[in-house]
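Student: Heads up: the sequence shown at position 64 corresponds to 67 in this note's numbering, and the numbers run straight through without jumps.
No lab work stands behind these hints: they were computed from the structure. On a predicted model such as this, the values are computed, not experimentally measured, just so you know. Glycine included, each C-beta is placed from N, C-alpha and C at the ideal position. You may find that some hints are simply not true.
FRET-style restraints, in silico, Cβ to Cβ [stated by the list, open to error]:
1) V30 - G65: 18 to 24 Å
2) L24 - K88: 38 to 44 Å
3) T78 - C57: 48 to 54 Å
4) V49 - L24: 18 to 24 Å
5) V72 - K44: 40 to 46 Å
6) H84 - V30: 44 to 50 Å
7) S81 - K44: 52 to 58 Å
8) H84 - L63: 46 to 52 Å
9) K83 - T45: 54 to 60 Å
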Amino acid sequence: MNDRPSIRYPMRRTALLAGVLSGLASVLMDLDHLVSGLERKTHFLVVVVLGLVCIGAFTLAGRYHIKLVLGQLATRISTKHRSLKSSRS
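Using the sequences plus the hints, can you model the full thing?
Tutor: Right, here's the structure in full:
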């Protein structure tokens, strides 16, 4: 028998995306230190743009994860509803 719990493919993708985003955040922190020698305006613009990119990536990941969880919940509810309906007949 297989002792490992089964992990569905979309959950693996979500975990991979979360890992990539956390890596991106750490790279952005390093980039902030690298660009600190630039002029004040340029440094500010670089940090703002990188921050917006990071926020956008996290927002997309959050939306994807919420849709995934809601889809799985809807599937479970409809399956449970069908099984209850068929057991009543």
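Student: For every hint, state whether the structure bears it out.
Tutor: Here is what the structure says about each hint:
One distance hint, 18 to 24 Å for the beta-carbon pair V30 and G65, holds here, with the actual separation near 20 Å. Here the CB-CB span from L24 to K88 is close to 41 Å, well matched to the stated 38 to 44 Å. Checked against the hint of 48 to 54 Å, the C-beta distance between T78 and C57 comes to roughly 32 Å, which is inconsistent with it. For V49 and L24, the hinted distance range of 18 to 24 Å is satisfied, since their beta carbons lie about 19 Å from each other.
At roughly 42 Å, the beta carbons of V72 and K44 sit within the given window of 40 to 46 Å. Checked against the given bound of 44 to 50 Å, the beta carbons of H84 and V30, roughly 46 Å apart, stay inside it. The supplied range of 52 to 58 Å is met by S81 and K44, whose beta-carbon atoms lie about 55 Å from each other. With their beta carbons about 31 Å apart, H84 and L63 fall outside the hinted range of 46 to 52 Å.
The hinted window of 54 to 60 Å between K83 and T45 holds, with their beta carbons roughly 57 Å apart.
When each numbered hint is compared with the structure, violations occur for hints 3, 8.
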